[in-house]
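Just so you know, the sequences run in chain order C and E.
With the UniProt record's numbering applied, the first sequence corresponds to residues 1 to 539, in that order.
With the UniProt record's numbering applied, the second sequence corresponds to residues 1 to 162, in that order.
These are calculated hints, taken from the structure and not from any lab test.
Using N, Cα and C, we set each Cβ at its ideal position, and we do this for glycine too.
Some hints could be false.
Computed spacing ranges between beta-carbons, pair by pair [said to hold, decoys possible]:
1. 338(C) <-> 54(E): 38 to 46 Å
2. 109(E) <-> 488(C): 30 to 38 Å
3. 40(C) <-> 124(E): 27 to 35 Å
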Amino acid sequence: MSNDKKLFKGFSRRDLLKSLAGVPILGAVWYAGLSNTEKAKLEREFLLEKLNIKATPPPDSGPMSGEPLRVGLIGFGIRGEQLMRSLGFATQEWLEDMAKSSAENPNDKRLEDFKAQENLNVKLTAICDIFDVRAEKALRSFNSNGNTCKRYKSHLDLINSGEVDAVIISTPDHWHAPMAKVAVEAGVHVYLEKPMTHTIQETYELRDAVRKNPGVVFAVGHQHRQTQSFLTAMDAIAKNTLGHISLIMTTTNRNDDNGAWQYEIHPDASTSTIDWNEFLGTAPQIPFNAEHFFRWRKWWAYGSGLSGDLLTHDYDRINCILKMGIPKYVSASGGIYTHRDGRNVPDVMHINMEFPDFTSGGSQEAGKEKGMTLVYSATLGNQFDRGTLLMGHDASMELGNTLTIYADPRSTKYRELIKEGRIDPKVPIYQYDPSANGVDAVTSATAKYFADKGLLWTYRDGKRVDSTFLHIREWLSCIRNGGDPSCGIQEGFEEAITAHMGGLSYKIGRKIEWDEEREAIIALPGEDLDAILLNNEVV
Amino acid sequence: MSQTIKLSTAQTSALVLMRLFVGWHFLYEGVIKLYSPYWTAKGYLLSATYMKSFFQWLAGESMISIVDTMNIAALLLVGVALVIGFKTKLASIIGIGLLLLYYFAHPPFPGYPQGITEGSYWIVNKNLIEAAALMVIFLFPTSTHFGLERLFVKKQVQTSTP
Chain C
1 MSNDKKLFKG
11 FSRRDLLKSL
21 AGVPILGAVW
31 YAGLSNTEKA
41 KLEREFLLEK
51 LNIKATPPPD
61 SGPMSGEPLR
71 VGLIGFGIRG
81 EQLMRSLGFA
91 TQEWLEDMAK
101 SSAENPNDKR
111 LEDFKAQENL
121 NVKLTAICDI
131 FDVRAEKALR
141 SFNSNGNTCK
151 RYKSHLDLIN
161 SGEVDAVIIS
171 TPDHWHAPMA
181 KVAVEAGVHV
191 YLEKPMTHTI
201 QETYELRDAV
211 RKNPGVVFAV
221 GHQHRQTQSF
231 LTAMDAIAKN
241 TLGHISLIMT
251 TTNRNDDNGA
261 WQYEIHPDAS
271 TSTIDWNEFL
281 GTAPQIPFNA
291 EHFFRWRKWW
301 AYGSGLSGDL
311 LTHDYDRINC
321 ILKMGIPKYV
331 SASGGIYTHR
341 DGRNVPDVMH
351 INMEFPDFTS
361 GGSQEAGKEK
371 GMTLVYSATL
381 GNQFDRGTLL
391 MGHDASMELG
401 NTLTIYADPR
411 STKYRELIKE
421 GRIDPKVPIY
431 QYDPSANGVD
441 AVTSATAKYF
451 ADKGLLWTYR
461 DGKRVDSTFL
471 HIREWLSCIR
481 NGGDPSCGIQ
491 EGFEEAITAH
501 MGGLSYKIGR
511 KIEWDEEREA
521 IIALPGEDLD
531 AILLNNEVV
Chain E
1 MSQTIKLSTA
11 QTSALVLMRL
21 FVGWHFLYEG
31 VIKLYSPYWT
41 AKGYLLSATY
51 MKSFFQWLAG
61 ESMISIVDTM
71 NIAALLLVGV
81 ALVIGFKTKL
91 ASIIGIGLLL
101 LYYFAHPPFP
111 GYPQGITEGS
121 YWIVNKNLIE
131 AAALMVIFLF
141 PTSTHFGLER
151 LFVKKQVQTS
161 TP
């Protein structure tokens, strides 16, 4: 071997090349990786800066200090139990079930989450349920740890007992407004489950009652208003990211008996354990029927079907972002196409809402972009996830627990960026996942695939929180510290009127019109809209 | 075993090329992740279809930052070692371990969901093939032929024969 180097005696030039040739490759690959990530980062920052969307948490509700608030519960059914857990009260049965479940599956964090929940400093002093089994279960569980809970046979006794500062109402729909009205007039704060009312007339009456009693804090149970992605969506809309929105699609898709309101019937249900007359109230007087009691959502007499029960969630989610109010026109169709089990509310329903004067701002010439349609489409016979989609001239937004925005290929606003190749309409320009540590402007299909679609949870600082807990906390904070709940009487009024227009259109089979000036649903001569809405015959 | 096999120059060159390519792949992945502040293995681990509890434990709050750092460090280490030809046997073992972890989180076993992948696989996928390639690199070390280790070998030869 030739040898002419002192430093590497015994090494040929060829040897050195063979030894060190990997080093330049290393440098090249490293440089390529670094410059590519830098470029991607700059593009991402450029887009984020341009869009300027803020991941917005709701303002913190105030402290829970002071004397404990005395809360009463009316209606201890499925939702009533959930609401009580959010308030800090779980039944013994639930605690035992959860302990067993978390022992079997360490990933089941329900019990842990419940125990870690902030103490809301309330006393559950009163409960009213007309089914003895449920009321006794509540008393067994809640009369402990220094909490004294008393059962009242009637909601009137509970409200007027002087033992409650506030009530939570989670009864069948036909009792919502009558109970809320009595409570408001008695100066008792109200948290009322959706839909706010069962008839059109009640909607005005309840609004009047709340307006006349400004000292009462009234909240409607639309917990989605606490979801962080919805608040971030609000900021995206305010920054005109989507341009003019012409179409919104929201959906409910379920495919099981429970989702279709076919709840279990308790074996102990009878006229001796259930106060049947109290249940019926103003509903048609029929003999005791356990199915009607437990599965009341299936009949117009007590519930309001897809329009009142589930559309209200989706409508309110959009209304909290766009504040578009009551639609000018509503047309609906549907039918009972799967669950032919005696129900008279439809199990497939489509509700089109027109907002001809609504505009969310635009990027084209003035006047061109005006008017919006919200399509709600629901089936209880298939649960394919169709999501919620807001479609604007400049971009589309997929709205769930994760928020994703895609630029539109024909956007005016992003035209140049699309042309320059800086925006690919197939890849999100913005994605926000509150469970992750940060925002992501450009992300992969895989990241999208992993996105959480759940609606029961929201996130605070990356931690999972029950949105119902936050919604109840907000209501309690308004009682203690002042302020207005995010879903108060005006939002509830808009929600209820819209739902009733959907129900009416389905029943009458024609387009229903809202007269904004008169604040009235337009009826034809001789039409009693509430009678039509409550008509209990199968259409 | 490798010492007993006499490889032709073409055979050795092919093995070197394979080592460089695998190293290149590891290195590039490591560099990209190193400079991407929002990258995390959390999504991949949480969506594991096999040995779920193990991968979910790795994705847990107390573990994930360690897992992410270790992953990047291992990718870089294996990549650098294979490219420059230094400690390639150790790097191959680490690389195989890493690839098997990726493989078992989302294995293409019949009856297991595939999620989004860039091809069609049954039992064998690209992670497994790359692990097999590393096995070959482990068994047929080429860094004394092409790589930094050549310097050390030469030096040893030099000192042993004054």
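For each hint, the structure was consulted:
1. Evaluation of the 38 to 46 Å hint for residue 338(C) and residue 54(E) yields a pass: the beta carbon distance comes to about 41 Å.
2. Taking 30 to 38 Å as the suggested C-beta distance range, the pair residue 109(E) and residue 488(C) does not conform, at roughly 54 Å.
3. About 32 Å separates the C-beta atoms of residue 40(C) and residue 124(E), a value consistent with the hinted range of 27 to 35 Å.
The structure is inconsistent with hint 2 alone, although it conforms to all the rest.
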